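Undergrad: Model the full assembly from the supplied sequences, consistent with the hints where possible.
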Amino acid sequence: GAGVSQSPSNKVTEKGKDVELRCDPISGHTALYWYRQSLGQGLEFLIYFQGNSAPDKSGLPSDRFSAERTGGSVSTLTIQRTQQEDSAVYLCASSLRQKGNSNEQFFGPGTRLTVL
Amino acid sequence: DQQVKQNSPSLSVQEGRISILNCDYTNSMFDYFLWYKKYPAEGPTFLISISSIKDKNEDGRFTVFLNKSAKHLSLHIVPSQPGDSAVYFCAAINTDKLIFGTGTRLQVFP
Numbered sequence: 001g002a003g004v005s006q007s008p009s010n011k012v013t014e015k016g017k018d019v020e021l022r023c024d025p026i027s028g029h030t031a032l033y034w035y036r037q038s039l040g041q042g043l044e045f046l047i048y049f050q051g052n053s054a055p056d057k058s059g060l061p062s063d064r065f066s067a068e069r070t071g072g073s074v075s076t077l078t079i080q081r082t083q084q085e086d087s088a089v090y091l092c093a094s095s096l097r098q099k100g101n102s103n104e105q106f107f108g109p110g111t112r113l114t115v116l
Numbered sequence: 001d002q003q004v005k006q007n008s009p010s011l012s013v014q015e016g017r018i019s020i021l022n023c024d025y026t027n028s029m030f031d032y033f034l035w036y037k038k039y040p041a042e043g044p045t046f047l048i049s050i051s052s053i054k055d056k057n058e059d060g061r062f063t064v065f066l067n068k069s070a071k072h073l074s075l076h077i078v079p080s081q082p083g084d085s086a087v088y089f090c091a092a093i094n095t096d097k098l099i100f101g102t103g104t105r106l107q108v109f110p
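Chains as they are written, first to last, in this note's numbering: chain G, 1 to 116; chain E, 1 to 110.
One or more hints might be untrue.
For each label pair, taking beta carbons as the anchor points, the in silico distance ranges come out as [as the list claims (entries may be wrong)]: (1) E:Pro-110 <-> G:Ser-62: 42 to 48 Å; (2) G:Gly-72 <-> E:Ile-18: 42 to 48 Å; (3) G:Glu-85 <-> E:Asn-7: 23 to 29 Å; (4) G:Pro-8 <-> E:Ser-69: 45 to 51 Å; (5) E:Lys-5 <-> G:Ser-7: 30 to 36 Å; (6) G:Asn-10 <-> E:Asp-31: 33 to 39 Å; (7) E:Lys-5 <-> G:Gln-83: 24 to 30 Å; (8) G:Ser-38 <-> E:Lys-71: 21 to 27 Å; (9) G:Asn-10 <-> E:Ser-8: 26 to 32 Å.
Everything labelled a hint here was simulated from the structure, so no lab data went into it.
Nothing here was measured: the structure is a model prediction, and the numbers come from that model.
Beta carbons: idealized from backbone N, C-alpha and C, even for Gly.
TA: This is how it looks when you write it as C-alpha cells:
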C-alpha cells in the first residue's frame, strides 16, 4: 500500500493487560513517529525514530510505554499494565526527513484503544 | 504547558464565505508551521505549511498567514465548502517532532 498502515484499528482490553500496537510506515521513509489523541485533546507526541539514531522518547508518559522499530521499518508500541487513562487513539506517522523539507508527516488511520 | 494553542474549539461558517482558523504559539524558536485536517476515524492529512522566514503561503483556496512578532498564525479558506468540514490542527516543528494544538472543529453549512 501507498500509505501508513496501523493495526489493529480498534483494541478493547482490560485494565492491567499488556497491548501491542503496530505501524507500517511508507516504504523508504526514514523517520517514524507515534502520537496519541485522548478524548477532547490535541495530538500528543510520544516517541520518534530516525534512521539508526537512538529514539527520542521524551514524550512517553510513563515507563509502562515502550516502542521498537525493527529493521528501520515496522514499529511496535507496547503498553504494559494498561490503565483507563491510556484510552486514546494512537497515531503513527512517517516522513522522509530530508534536510530542507518541511518534514511533512504522513499519518496512519490510528488505533483506537479502550481500556475497561 | 501548551506551546501551540487553538483557542476556538469550533467554528461554523456558511458555504461560500471565508473560514479563518487561528493559532498562537509561545516558543519563538519554532521555525516551521503546518496545518493538518482530520476527518473522523482517519489520520490527519497535511494541508499547508509555512516557514518562519515567510509571512504568507497560498495554495488554492487555502492561505496561511504568519505574524512572528505576535506569535500568531491563521489559516484562511475561501470560499468554504461543505467538504471542508473537519477538525483542523495547527502544528509547529520542534526538533523534528510536531507540537500540535488542540484543534478547531470547522462546520461549513449550505
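Undergrad: Taking the hints in turn, state whether each one holds.
TA: Okay, the hints, checked on the actual structure:
1. E:Pro-110 <-> G:Ser-62: 42 to 48 Å: holds (47 Å)
2. G:Gly-72 <-> E:Ile-18: 42 to 48 Å: holds (44 Å)
3. G:Glu-85 <-> E:Asn-7: 23 to 29 Å: 25 Å Cβ-Cβ, so the 23 to 29 Å window holds.
4. G:Pro-8 <-> E:Ser-69: 45 to 51 Å: Check passed, 47 Å falls within 45 to 51 Å.
5. E:Lys-5 <-> G:Ser-7: 30 to 36 Å: At 33 Å between Cβs, range holds.
6. G:Asn-10 <-> E:Asp-31: 33 to 39 Å: holds (37 Å)
7. E:Lys-5 <-> G:Gln-83: 24 to 30 Å: The hinted range 24 to 30 Å holds for Lys-5 (chain E) and Gln-83 (chain G), with Cβ atoms some 28 Å apart.
8. G:Ser-38 <-> E:Lys-71: 21 to 27 Å: holds (26 Å)
9. G:Asn-10 <-> E:Ser-8: 26 to 32 Å: Once the Cβ atoms are compared, 30 Å apart, the range 26 to 32 Å for Ser-8 (chain E) and Asn-10 (chain G) holds.
Checked against the numbered hints given earlier, this structure breaks none of them.
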